[in-house]
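Could you build the full structure based on these sequences and the hints that come with them?
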Amino acid sequence: MAAPSVPGSWPVSAEVRAAFSRALPADLMMARARHRLSLERRTEYWALQAERLVWTTPFHDVVTEADDGVGVRWFDGGRLNACANALDVPVAAGGGANRALLAWQPDGSLASWTYAELLALVDALAAGLAAHELTCGDRVALYLPDVPEAVALHLAVARLGLVAAPISWHFSADLARQCLTDCGARAVLVAGDTPDAAYAERRDQVVAALPGVRVFATGGGVAGATSWEQLLAAGGGKSAAPVPVPSEHPLLIRYARSAAGPRGVVFATAGFLVQAVATHALVFDAARPGGRLPSIHACPELDSIATLAHGLWGALASGTALSIRPGHEPDADVLARIAAAEDEIGLLTHPRHLMALREVLGETTLGERRFAFVACTGDALTPRLLRFAGAALTHGDACVLNLWAQTESGGALLATRPSAELNRVGSLGLPLPGLDALVVNDLGQPCRWNESGQLCFRGTWPARARDILGDPGRFRQAHFGLLPGCFATRDGVRMDAEGFAWYMGRLDDVVKVDGESVATAEVEQALAGNPRVAEVAVVGVAERDVALVAFVVAAGGVLPDQEAALSDELSAGARARLGDLARRLRIVFASALPRTRSGKVVRRVLKRLATGDVRPGEDLHHVANPESLDDLLQRSQANPGEQR
Amino acid sequence: MVDTPNRLLESIAELGRLRVNTRGLERQVAESAGAWLDQATLRLAGGTSTDEYGQLRAEAAGLVEALRAVAGPGRANLLLGRALSLFVKLEAADDGAGLVRRMVGARVAARVIAAPSVVLVLNPGSTSTKVALFEGLSKRHEFEVHLSPGAPDGIEPRARAILAWMSETGVGLDRLDGIACRGGFLKPVPTGTYRVVPEMVRDLETPRIAHASNMAIPIGLKIAQLAGREQEILLTTSDPVVSDEIDTVERLTGFLKQKRDGSGAHYLNHKAVWRTLASLSERPPDEFGAITAHVGGGVSFARHSGGRVTALVDAFAGVASANRCGVLDLPRLLTALKSSDVTLKELEAVVYSRGGLLSLAGTNDFRALTSFREKGANEAQRAKIDLVLDFYGRQFASSILRLAADGQPVEVVALTGGLARSADLVERVTANLAGHFALVVVPGSLEHEALAAGLLAGLHDPSTCRDYARERDALHRRRLDEERLLDTVVFDRPVLFKKEGAPLSSLDEVIDAARLSVRDLAEPPRIGIVGADNDEALLAAQRANEEGRYRVATFSLIGDSAAINAAAYETDLVLDGAQYDVVDTDDPVSEAVRLCAEGRVQILMKGSLHTDEILRGVFKYLKGSGKLGPNDLVSHVLVADIPVRNKLVLVTDAAVNPYPDEEKKVRIIENALRVATALRVRRPQVAIISAIENVNRNVESSVEAERIARRFADRKDCLVEGPLSFDVAMDPDIAREKGYQGRIRGTADILVMPDIDAGNVLYKTLTTQSGATVAGVILAGSLPMVLTSRGDSARSKLASISLAVKMYIDARQNERGA
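Going line by line, the protein sequences match chains A and B.
Quick note on numbering: the first sequence equals residues 1 to 644 in the working numbering.
Quick note on numbering: the second sequence equals residues 1 to 818 in the working numbering.
In case anyone wonders, no lab produced these hints; they're calculated from the structure.
Heads up, the beta-carbon is just placed ideally off N, CA and C, and yes, glycines get one too.
Do not take every clue at face value.
DEER-style ranges, computed between Cβ atoms [to be verified]:
| hint | chain 1 | residue 1 | chain 2 | residue 2 | range |
| --- | --- | --- | --- | --- | --- |
| 1 | A | His395 | B | Asp581 | 54 to 64 Å |
| 2 | B | Asp757 | A | Asp196 | 57 to 67 Å |
| 3 | A | Val623 | B | Leu485 | 26 to 36 Å |
| 4 | B | Asp586 | A | Asp343 | 49 to 59 Å |
| 5 | B | His476 | A | Ala564 | 48 to 58 Å |
| 6 | A | Asp561 | B | Glu205 | 36 to 46 Å |
| 7 | A | Gln477 | B | Asp261 | 36 to 46 Å |
| 8 | B | Arg551 | A | Val623 | 14 to 24 Å |
| 9 | B | His476 | A | Asp561 | 57 to 67 Å |
Below is the structure:
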């Protein structure tokens with residue numbers, strides 16, 4: 001079955017075509033020129049990238065943005081199928097014998113599928129899903145560790161135009177159930193026969209109470225579940241043709257934890273896929289002398305957007321094999337074996353993983369055969385980790401790529417490139433073409449070179465999350481409050497004189513409350529929803545009863561005898577949004593939040609204030625409004641009992 | 001061509017001969033002119049006809065013109081002064097029309113004569129209102145309208161009384177063309193004539209000083225209203241007391257907070273006299289530079305230049321007058337106030353009402369004084385009166401001379417006001433001025449003429465009337481701009497003159513010295529902050545580089561880059577790679593030491609790591625690399641800037657060596673001496689501290705102190721003594737009381753503490769209880785280390801960094817020199 005191909009119908013000028021014909025710019029100046037061109041001719045650039053895919057119906061508009069920058073439609077009018085682009089197209093182009101999926105089993109053996117084999121598997125799987133009356137638009141959740149079945153399910157789901165909802169298998173049963181209910185999943189795939197007892201328990205709890213939801217399980221041991229084999233057989237040998245879906249049809253709903261319950265971030269098919277393959281070509285393929293990366297090994301889990309974008313969809317649709325391995329022990333041996341076994345394989349990983357590897361490897365390296373490059377995404381990659389990765393896992397510092405991505409970004413937006421020119425050790429690299437990155441201070445003003453502020457992106461990009469399922473206001477409130485038309489990432493960043501971005505830290509804290517990680521920004525948003533709150537900053541403290549302290553500036557001020565009443569009101573509101581978490585919240589009123597000259601709230605000082613650790617008269621000259629500190633100090637001295 | 005010395009001497013001799021001749025001629029002229037002036041004065045006193053007046057005037061005018069041509073120091077000036085005085089008298093004779101004509105100028109005068117107008121002049125006093133009626137240029141009637149005893153004082157009663165008087169004179173209200181009112185305490189404006197507007201009435205509701213003259217304008221308005229001719233009668237005021245047009249430079253005093261302004265002088269009379277004299281001298285007022293001295297009940301002096309009163313000796317803070325003390329000797333006054341010899345109340349009385357002549361002689365009446373001198377005073381009293389009169393003569397003359405000190409030409413000096421009638425005073429002032437200026441005497445005041453002249457000019461040439469509100473606001477804005485200029489900060493921290501090579505006596509000087517040393521280097525030193533994810537260290541670094549134009553050092557931030565970035569983010573630190581760069585490591589101490597070894601970092605600073613950790617690493621490195629010889633020791637030196645002491649004191653060792661033995665103490669002293677050298681202290685006095693000042697076998701520290709001191713006995717570069725107790729080392733009075741026989745009596749530069757407990761307690765006492773600022777440095781061979789603790793103030797941290805930088809630079813210079 002061959003997918004019909006339609007020639008590119010959007011005019012792309014020769015200039016743009018020529019500029020992006022080479023994957024890697026020769027030097028910094030050319031990189032900047034290319035980037036400028038990609039912004040000036042944004043529609044042409046993305047239309048050019050869209051040519052990497054095969055469309056059943058060509059689009060008639062590249063991008064339509066709403067005025068507030070929140071709503072957006074990319075490649076309007078087009079229809080395509082993601083799975084077809086990933087499997088059918090490469091097979092039709094004669095690459096059926098190339099490897100597509102590699103799975104390294106715990107016992108050391110390797111299971112692999114070629115494109116043709118994978119296509120057959122996915123075809124049957126899709127037919128099976130269709131037999132279970134799952135039709136275009138239905139949600140299919142995944143709640144299992146990285147196994148090849150998960151990959152196949154993602155592809156099969158996309159084949160039918162269903163929506164995949166990957167849920168991290170670390171989520172508690174409660175949380176997982178909430179996610180399933182939230183997206184209205186009609187089916188869920190779990191793992192049976194697993195050595196992880198904790199996961200097994202969670203899984204059982206989850207599937208125990210799911211009325212009307214079909215449960216599919218890999219392996220046995222799951223009560224009431226359809227087994228993998230049964231699912232494959234249910235198709236009855238029929239083939240499932242790829243269903244062309246509109247560009248904005250959801251491809252994924254990715255569930256993330258948040259203080260106010262799970263939030264499902266929605267991604268559109270065309271945009272996500274176009275950007276995934278574009279990034280893959282620009283960053284990963286470019287890393288190889290042959291201009292093509294044969295395979296990539298993904299360490300972060302399959303439910304993370306970075307892995308889905310760069311490991312699964314971007315790789316497969318570009319003809320790169322995806323290599324996975326369930327379990328995340330820092331198994332240096334396995335990695336060595338992987339590196340040895342493959343000719344050119346890249347490593348997609350996470351700083352935590354690298355740190356663990358460093359513990360294990362110490363001064364030793366992987367050996368002669370190493371990864372072609374190490375692409376790191378997730379947290380901050382410190383220079384010493386980078387040097388370790390360069391020395392031990394790959395061929396030098398330049399081969400370690402730092403990617404900046406967030407869930408809502410739909411993939412990497414800033415990256416270093418595998419060349420000495422375009423790489424600075426420890427930096428986040430340069431913005432990818434088509435992305436207009438800027439650094440903005442808390443007053444909404446652009447920052448100068450080396451001044452740190454919040455990383456923002458002007459305008460939209462194809463892979464950007466469209467919305468939060470069922471809670472549209474929250475998406476806007478979380479990301480579009482700082483500057484109109486700009487997406488605020490809540491990451492602190494500085495850009496140096498050459499244009500490289502450097503990570504400075506998150507703008508908020510992630511606090512562990514009762515074992516759960518809570519981003520203080522969520523709590524702030526929950527409180528900021530009340531119109532009586534003008535400004536709020538939340539910091540984490542380590543006390544018995546209180547884990548979070550919120551410093552609130554009431555709109556129009558609040559009289560001392562009304563403070564208690566307002567505090568109760570805010571707590572009630574917080575309880576409604578955040579649930580039990582609100583019990584661990586203490587509210588302190590302030591006349592103003594202490595800020596630096598550039599408007600940043602001085603959280604470290606607030607943290608110390610919350611624990612009574614600030615001496616009056618201490619040198620805090622970076623605080624531009626010291627009267628706010630005096631006011632807070634006075635209050636904390638007035639209520640000494642509450643502090644300890 | 002330059003003359004030969006002989007030719008030069010010849011020319012000078014010729015000049016001298018000419019001078020002698022001139023002097024002779026001068027004497028002749030003086031005699032003749034003086035005789036003529038005497039005669040003319042006699043004739044005037046005797047009564048003259050109008051024709052004679054005319055003739056005398058013409059002759060006086062001719063004389064004045066001639067004298068002006070030869071005016072100069074000495075007799076010519078004296079003559080000119082006398083001539084002008086006579087001239088004024090002549091003009092004032094009769095109905096004063098001559099004066100008014102002089103004041104309004106020929107053009108306006110012609111118009112007035114052509115269409116004579118009737119002008120009422122109002123000049124209210126506390127118990128009466130002086131009034132005058134002018135017809136045309138002539139003063140027809142002059143009177144003082146008293147208040148009826150028992151009747152309430154107010155605008156309306158006074159207005160009605162004046163109207164009553166007017167009707168008595170026979171001048172009908174319907175003929176009144178204008179009312180010239182004395183200006184009250186309006187808002188400050190430049191001098192000139194102003195049309196009366198409602199703004200003035202509003203401003204008079206809140207005058208700076210409650211004074212009878214404030215009533216003048218309301219009375220004028222009332223009169224116009226009662227006459228029913230408000231629209232037709234022109235009301236003006238001229239040269240009010242609150243005039244202010246002095247030069248900006250006159251506003252400064254020796255204390256920035258106290259700025260002067262131009263108010264508080266008898267402007268009306270000053271301007272009137274000046275304008276008259278300019279006219280008599282045939283000069284346009286703008287080019288007629290003069291000094292007028294109004295000596296009456298109040299005394300004020302005005303300098304006229306370029307048509308403005310550019311400088312002032314005012315009536316309150318100027319010279320002593322009949323009842324005000326004027327300027328006093330401030331230091332003596334302060335002492336008197338502090339010892340309650342003088343109370344503030346007394347001072348206030350003396351400044352405003354009971355000082356001056358009243359304080360000196362018990363009367364405010366000069367005439368009474370001089371007549372008492374003639375009849376009734378005994379010898380002592382006569383001597384005292386002479387002294388007082390001499391005093392006043394000198395005071396008045398010196399004020400006049402002071403106002404001449406702007407380098408601008410002074411054509412005449414005029415003495416006017418009530419006291420100008422006193423021949424004795426005039427004689428004294430003339431003598432004191434020694435003929436430097438032509439002194440004109442205009443007794444009494446020309447205020448009524450001036451007010452009338454102002455109004456007449458306004459009537460017949462409306463362009464001469466100024467807009468009160470606009471001038472007031474413009475002056476206000478100008479004064480605000482001036483304030484801003486005067487308040488401009490030149491040096492924001494007092495930069496005190498420091499003699500070359502003098503010892504640094506405060507931490508501020510240490511900071512400045514460090515900056516200046518760094519400025520002369522090609523590159524500032526690099527300080528490595530060990531464990532830089534520490535807010536305080538980053539803030540200290542920021543401060544070191546942001547205060548002042550010169551950056552003291554560059555910084556390497558050593559530690560976990562993620563934590564450092566987060567801290568830098570929040571402190572707004574700009575990580576530009578040059579000024580600040582981040583060295584990512586999980587073992588900051590080793591990394592710091594490595595950077596030192598490679599010479600990439602010259603000074604170490606404590607960040608978030610513990611001092612002992614850092615010291616351990618550093619010690620190992622220094623010992624291993626041989627940079628720390630067997631005779632070197634790592635020790636801590638504290639430099640304290642105690643408010644009550646006029647020099648710095650060093651305390652060692654308060655942080656590093658817990659219980660050093662004698663050998664270690666010797667090396668601790670050597671380290672401290674190195675710091676003292678960096679502070680340019682010559683021959684530092686080192687006091688080895690114990691609990692007592694003499695050797696007591698039971699007090700081990702005293703025994704050791706003496707031993708150590710003996711080891712330094714032959715040293716010429718320092719004075720080491722021990723044991724001393726702390727109070728003897730620091731307080732000269734106590735040293736004297738205790739009869740301490742050693743050489744360090746309260747003048748210690750360095751205190752060597754017996755152990756770390758004593759040292760640390762002293763350190764913390766100084767910072768927490770004594771308000772001292774301290775800088776701390778750890779010397780490890782040639783590597784200084786900055787050690788700041790969390791409680792240190794910002795100044796203290798900056799001083800520590802500066803001290804370390806200075807020591808590093810000095811060490812490098814010594815190496816190069818050696």
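Q.
Tell me the numbers of any earlier hints that the structure contravenes, in ascending order.
A. 1, 4, 7 and 9
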